[in-house]
Amino acid sequence: MRALLATLLALALPALAAAEPPRVGIVTPNAPPGTPLRELGYQLYAGNCAECHGTAGAGVAPSQSANGTGDIHAAGPPLRGVGARAADFYLRTGYMPLARADVQPRRSRVLFTPREVDALVAYVGSLGHGPPVPRPHPERGDVAAGLSLFTDHCAGCHQVAARGGYLPGAVAPPLDEATPTQVAEAVRIGPYLMPLFSTRAISDRQLDSIVAYVEYAKRPQDPGGLAIGRIGPVPEGLIAWFVGGAALVGCCVMIGKKAR
Amino acid sequence: MIGRLKDLLVALAVLLLGRRRPGGDPEAERIVPPGSPDRRAEAWVLALFGLATAGSIAFLVVYALDPLAHRTQLLGVALGVALAALGAACLVIATRLVVTEELEEPYPAEHVGDQDAVAQLVAESGDRITRRRLLTLGGAAAGGTLGLALLAPALAVGPVFDTDELAKTPWRRGRALVDEAGRRIAADAIEEEAFYTAFPEGADRETVGAPLVVVRLSPDALHLPPERRGWAPEGIVAYSKICTHAGCAIALYRKPTFPAVEPRPAFVCPCHYSTFDPATGGTVLFGPAGRALPQLPLLVDRSGNLRAAGNFSGPVGPSWWGVRSRKARGA
Amino acid sequence: MIRGIVRYLDERSGSAPLLRKGLRYVFPDHWSFLLGEVALYCFVILVATGVYLTLFFDPSTAPTVYHGSYAPLRGVEMTQAYRSVVDISFSVKAGLLIRQTHHWAADVFVVSIVLHLLRVFFTGAYRKPRDLTYLIGVTMLVLALLEGYLGYSLVDDLLSGMGLAIGYGVALSIPVVGANLALLIWGAPFPGGAEFWSRMYIVHVLVLPVLIGTLLAAHLLLVAARHHTQFRGPRASERRVVGIPAFPGQAPRSLALALFVAAVLVFLGGLVQINPIWLWGPYHVASATNGAQPDWYLGWLIGALRLMPAWDFTIGSHTLVPNPFWGGVLFPGVVFGFLYLWPWLERRVTGQHGWFNLLDRPRDRPWRTAIGAAMVSWVLIVFLAGSADRVAVTFGVGYADQIWVYRVLVWVVPVVVLVVTRRICGELIAGERVEAVRRRAEAEAAAPPPRSTIAD
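Chains as they are written, first to last, in this note's numbering: chain A, 449 to 708; chain B, 17 to 347; chain C, 1056 to 1511.
Since the hints were made in silico from the structure, they are not lab data. Note that the Cβ used here is the ideal one computed from N, Cα and C, for glycine as well. It is possible that part of the hints are untrue.
To be verified - Some chain B residues near chain A, calculated using beta-carbon distances under 7 Å:
{"#": "1", "residue": "Thr69"}
{"#": "2", "residue": "Ile73"}
{"#": "3", "residue": "Thr88"}
{"#": "4", "residue": "Tyr123"}
{"#": "5", "residue": "Glu209"}
{"#": "6", "residue": "Arg270"}
{"#": "7", "residue": "Lys271"}
{"#": "8", "residue": "Val277"}
{"#": "9", "residue": "Pro279"}
{"#": "10", "residue": "Pro286"}
The task is simple: from the sequences and hints, build the whole structure.
Here's what the structure looks like:
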């Protein structure tokens, strides 16, 4: 029943379902302008991240979580050694902070200012010896090779034209808003339910091609006209019925005798 | 010279623009009832013909011009306008320029006399025959067997009776696993939280028996059936990449980042979302698949590369009548 | 001049009496009678554009490397079949227009057949003496679905390959003979022997079009032989057909409709991109994409495959019925079985064995209308279930939740629709009776009537 209501609600109010979360739960430290970046990061971390990720990125297992904080499950994976790469990805996509640990993080409005993000990335990067933020070079990549690699490794979830897809338990997001850096980060990190791909599975050169393909897939050539979503038969069927079929029924009504 | 040209033009104009007096032979009885002329409708038809001509010419011009952005769109609009204008002209002709009559006639009835005559004719034609049943039987036998004989060559189009083909795979003990680029796969190159597609070395990849999905699970997460002990060296498991439901490729591996609260690792087929558990021998977690994903036993050779230790735990690909009593066999 | 042509023809064929009769053939006039014509014109356009495409298409799975004008595929290994369709789309002048028009025509062809079928069903036009015409029509729908499936399968892009894999899985799941049948058709286990492509090709471009064309001719001949049905009217009765003559009334109308159908399809073909195969890339057995869907007219089958719980019918260790059979064979079997048996079933139940030239209004046959509406809602729910994954991606509603909701709705909604439709029909009829009584009372109250009025 809940599912039915949710279905109906989401069908009726797509705008509501996609509404952005308000800027709540952000604790902005009262740091003077000259505060060093890492120090600012530490304060932001303590105020916004430590509840779930633990002090100094130690992580919080679900059983340890303190109750009485509304519906927020204060639990999260450890961050030691994840590096600036993961922090950069999760913060700049708006995946973090997350209201509940057991829901899928989704792309949303970034609640921190760019300097705050820089500070947090610097702080998380300093916990352990994690990898830095990658610098992909899509201009060195080959789109055709990228299509093949994308088909082999990514299309099963993200759809072959990178329009996003479904898997039991999650939605693989469409990649039209993913920046080249975020694509490169996600491939190496494997956020949420996504598997990760090390340099032995996908080399940096191949990654450049994949990023080049994703960039191309954002705005591919559409020689056929209106792209209607580039996901194939579902929108095509809607057009066949509600444009083609409707127009031809209109023609029939125009030519034949109308109902009295 | 100019005078004659002028005369010619005037004659042409009169011929084209002049109006005909309506009505044919006034003496004869009409079939189609008369109607009054409608000059505005004629003007409309003329305009629509003009539009159709313009559309067709535009189509020809666009077709003739070389590299042109949005060529398909321009061609489509030009031809579409021509067709639509011509259609509209026909509609104006139908509704305004020809008379719309309402005729009436009786619906056809059945022909009882003729039915009887046909039946009688056929019956009488055969009434010299005395052993009718035997002849019918003989005729049916001849016709039926001839039909079978003519159909028999069609059996050559496929190995109809040899369904053993379905259980064959290129895998056998000792065959190395290779990646998309054909390189052998070292066991220590397989990382947790990642997934890999592997193929049999030196065999055709475009068969349902060939492709594998390979993942590494932590040994304590692994709960394979007891008879599969040793199938997963270092926690590396390999399964057929072809879904047992309808034969699509299992192109999807979900793995949790924070296993405490997120769904467990699983293979998913993106066609109908059948979900298989790599930790328990490929059993079905969700979706319509009715049979577990066949597992391939693995071994690590002396140079540290992955090889098959035998064939799959069952036939690969979509199920068929009696599939569970078959065993995967070498090609 | 006209007389000259007719004379020439009549002298050589003796066709003047036939022509004379044919030109005055009576067409009952109603807009809904034109839906079948729309399907006919779609078919004509499919044949015309299809013939053009065969001039460039190469039905071969021989491997090749693409070096054409579409840069994002350059250097990619693919089959000749896929390569030739990419070339039709990018290198052949007007090739993409024709290809897209062909594909839109296929999609709209089935739309118009379905609309035509609904009209025929809900007005009772399928009854004697037109039941054979109807059965041929249903058969053409089956063949059209198969023809469309083969059409997009031939291209050998990623989606078409996945569609073929599912078709193979469904064929394999048929009890007893499935394995033999699948091997017979494919020639070898999936993806089949090299000759499989030429088989699909000849069936798509020759066998099925000729079958459909022949049945179409029979369908039209039977319609003409028994005349078209008509709605009840002042002059229209079971015995007399009333309408517009073929010439000069109907001919320009039909020609206008044919041209409008062509115009709509060409507009769609030129302006709306359909099946951009260059984005899907070539198919390999080991690759798949999320959100793969068949063309709309097979969407109800993918919905049925997805709705079915994980259930193989097995005795001991012997598999009798693998899962895809339920959604891929049994479900469409029930739907088409219903369509084929309905005229006979209705005759049995109502005991009406006579001829019917007058059409019913849907409300006049509450049970037929209710059962038909329930059937439509049943197929529609299963159809919607087929797009649950796109709903999950677009609106964020859990897929598994949706599937469970649909598993309930698929049995509840038809029953609700049956009851509600039956009730609405009853109410409409009752309302009309009340209205008639009121009018009669008013007429009697205004006595003496100023002059006799013609009812309706």
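Here's how the hints hold up against the structure:
Because the smallest distance between the Cβ of Thr69 of chain B and any Cβ of chain A comes to about 22 Å, over 7 Å, the interface hint for this residue is violated. This hint is violated: Ile73 of chain B has a C-beta 22 Å from the nearest C-beta of chain A, more than the 7 Å allowed. Residue-level restraint check for Thr88 of chain B holds (minimum Cβ-Cβ distance to chain A is 6 Å; threshold 7 Å). Among the interface hints, the one on Tyr123 of chain B is violated; its C-beta lies about 19 Å from the nearest C-beta in chain A, farther than the 7 Å criterion.
Given hint, Glu209 of chain B at the interface with chain A, holds; its Cβ is 5 Å from that chain's nearest Cβ, closer than 7 Å. With its C-beta approaching chain A no nearer than about 4 Å, Arg270 of chain B sits inside the 7 Å limit, and its interface hint holds. Evaluation of the Lys271 of chain B hint against chain A yields a held restraint, the C-beta minimum of about 5 Å falling below 7 Å. Against a cut-off of 7 Å between C-beta atoms, the interface hint on Val277 of chain B holds, since the closest Cβ of chain A lies about 4 Å away.
Restraint check, Pro279 of chain B versus chain A: the minimum CB separation of about 4 Å is within 7 Å; hint holds. This hint holds: Pro286 of chain B has a C-beta 5 Å from the nearest C-beta of chain A, less than the 7 Å allowed.
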